[in-house]
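Asker: Residue numbers (this note's numbering), protein chains in the order written: chain A, 11 to 139; chain B, 129 to 276.
Incorrect hints may have been included.
Unchecked claim - The calculated label-pair distances, taken between Cβ atoms and stated as ranges, are: (1) B:G248 with A:G64: 25 to 33 Å; (2) B:P213 with A:G77: 19 to 27 Å; (3) B:S186 with A:R54: 54 to 62 Å; (4) A:A95 with B:L224: 35 to 43 Å; (5) A:P88 with B:F250: 40 to 48 Å; (6) A:A95 with B:G150: 36 to 44 Å; (7) A:N65 with B:G248: 45 to 53 Å.
Said to hold, decoys possible - Some but not every residue of chain B turned toward chain A, in silico, with C-beta under 7 Å: (8) N140; (9) Y171; (10) T172; (11) P173; (12) L228; (13) G233; (14) A234; (15) T241; (16) Q242; (17) F243; (18) G244; (19) Y245; (20) F250; (21) T251; (22) G254.
If you are wondering where the hints come from, they were derived from the structure by calculation, not from laboratory data. Note that beta-carbon positions come from the ideal geometry of N, C-alpha and C, so glycine has one too.
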Amino acid sequence: MGQVYVANTSSVKLLYQVNGAAISPGWPGTQGGPPVMITAPLVRYPEGGKFNLGNNTFTAQFTDQEGGPYQFSFRFDPAQMSVDANYLIYVFRGYASLLNQFGYVLQTSGTPVPPPPSPPLNAQSAGPT
Amino acid sequence: MAGKVTVFNCFNEPVTNLSVAGYSAAATIAGWADGTVTGVPKYTPSSTTVPRAKYAGSSAVFAIGDNAVKVPWDSFTGSITVTVPSSVPGTGPISLDQDLMLYVGANQAFLTTQFGYVIGTFTVVGALGGVQVDTEAGGAEPLSVNAS
Numbered sequence: 011m012g013q014v015y016v017a018n019t020s021s022v023k024l025l026y027q028v029n030g031a032a033i034s035p036g037w038p039g040t041q042g043g044p045p046v047m048i049t050a051p052l053v054r055y056p057e058g059g060k061f062n063l064g065n066n067t068f069t070a071q072f073t074d075q076e077g078g079p080y081q082f083s084f085r086f087d088p089a090q091m092s093v094d095a096n097y098l099i100y101v102f103r104g105y106a107s108l109l110n111q112f113g114y115v116l117q118t119s120g121t122p123v124p125p126p127p128s129p130p131l132n133a134q135s136a137g138p139t
Numbered sequence: 129m130a131g132k133v134t135v136f137n138c139f140n141e142p143v144t145n146l147s148v149a150g151y152s153a154a155a156t157i158a159g160w161a162d163g164t165v166t167g168v169p170k171y172t173p174s175s176t177t178v179p180r181a182k183y184a185g186s187s188a189v190f191a192i193g194d195n196a197v198k199v200p201w202d203s204f205t206g207s208i209t210v211t212v213p214s215s216v217p218g219t220g221p222i223s224l225d226q227d228l229m230l231y232v233g234a235n236q237a238f239l240t241t242q243f244g245y246v247i248g249t250f251t252v253v254g255a256l257g258g259v260q261v262d263t264e265a266g267g268a269e270p271l272s273v274n275a276s
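Work out the full structure, taking the sequences as your base and the hints as a guide.
Answerer: Next up, the structure:
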């Protein structure tokens, strides 16, 4: 049975769910080092907390994030992907990439969230007028 | 002081002579971890750091604007144009002093902040000794995009 390695690329703690069930109570962020990995099994038939062949819903809640978690969909095509192989998901804000174990991006899901904009050059601080 | 870009090698093969803007940035970057070292999960990418700068100079730096990056793996050499946004207030969200992360896969690369915000996604163009190869095909498995 294969595994899906989920990589938290941020310094923020994340909460993951796969197909409606948590795969960890929470996972720490990286502190400037490599991404922090957690694994979830890849199985043949749908099961909460595990990835399965076919369609999968995956959510990632950044613990500093307002609103609901980012939701992603990934399809493990049984005609092209093996339940015995390992895969990786790199998680970003609003965006996630599914890679095979050799580092090829197979699918992406979501829309990247850019950093918050900086204030304009002529911005004035709020205060009494 | 200007920040740095940590370049992660997400491919299984080592990188030999990474170059940025035509200058050598690292002699080697190992491939991802093979899981034999305690405390380092398998597939954890290896990395090197490259300084940031306002302008390109006579050494390997990531300057504001487009940066030509060459990633020579054992199988092929990946070429990426990595665009670092301006840091002018009101036009760019990224301070020159901010550290960034560049995750380099075999066919795509992602430039992010430490907080998980995505600054840019870039195609990795592969070449075998000057002959371009189709890294988009992802080996035996096709690349597809699922919008959520």
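Asker: Compare the structure with each hint and give your call.
Answerer: Right, here's what the structure says about each hint:
G248 (chain B) and G64 (chain A) have their C-beta atoms about 32 Å apart, which keeps the hinted 25 to 33 Å range intact. A hinted range of 19 to 27 Å for the beta carbons of P213 (chain B) and G77 (chain A) is consistent with their spacing of about 25 Å. Look at S186 (chain B) against R54 (chain A): about 56 Å separates their beta carbons, and that is inside 54 to 62 Å. One distance hint, 35 to 43 Å for the beta-carbon pair A95 (chain A) and L224 (chain B), holds here, with the actual separation near 42 Å.
For P88 (chain A) paired with F250 (chain B), a C-beta distance near 31 Å fails the hint of 40 to 48 Å. Roughly 38 Å separates the CB atoms of A95 (chain A) and G150 (chain B), a value that falls within the hinted 36 to 44 Å. Between N65 (chain A) and G248 (chain B) the CB atoms are about 28 Å apart, so this pair departs from the stated range of 45 to 53 Å. Restraint check, N140 (chain B) versus chain A: the minimum CB separation of about 5 Å is within 7 Å; hint holds.
This hint holds: Y171 (chain B) has a C-beta 5 Å from the nearest C-beta of chain A, less than the 7 Å allowed. Using the Cβ-Cβ criterion of 7 Å, the hint placing T172 (chain B) at the interface with chain A is satisfied: the shortest such distance is roughly 5 Å. This hint holds: P173 (chain B) has a C-beta 6 Å from the nearest C-beta of chain A, less than the 7 Å allowed. Against a cut-off of 7 Å between C-beta atoms, the interface hint on L228 (chain B) is violated, since the closest Cβ of chain A lies about 10 Å away.
Evaluation of the G233 (chain B) hint against chain A yields a held restraint, the C-beta minimum of about 5 Å falling below 7 Å. At about 5 Å, the closest approach between the beta carbon of A234 (chain B) and any beta carbon in chain A falls short of 7 Å, and the interface hint on this residue holds. Checking T241 (chain B) against chain A by beta carbon gives a least distance of about 6 Å; that is within 7 Å, so the hint holds. Interface hint at Q242 (chain B): satisfied, since its Cβ lies 5 Å from the closest Cβ of chain A, which is below the 7 Å cut-off.
Interface restraint check: F243 (chain B) against chain A, minimum CB-CB distance 5 Å, threshold 7 Å, status holds. Residue-level restraint check for G244 (chain B) holds (minimum Cβ-Cβ distance to chain A is 3 Å; threshold 7 Å). For Y245 (chain B), the interface hint holds, the least distance from its beta-carbon to any beta-carbon of chain A being 4 Å, beneath 7 Å. Interface restraint check: F250 (chain B) against chain A, minimum CB-CB distance 11 Å, threshold 7 Å, status violated.
The criterion of a C-beta within 7 Å of any C-beta in chain A is not met by T251 (chain B), whose closest approach is roughly 10 Å, and the hint is violated. At its closest, the beta carbon of G254 (chain B) sits 11 Å from a beta carbon of chain A; the interface hint therefore is violated under the 7 Å criterion.
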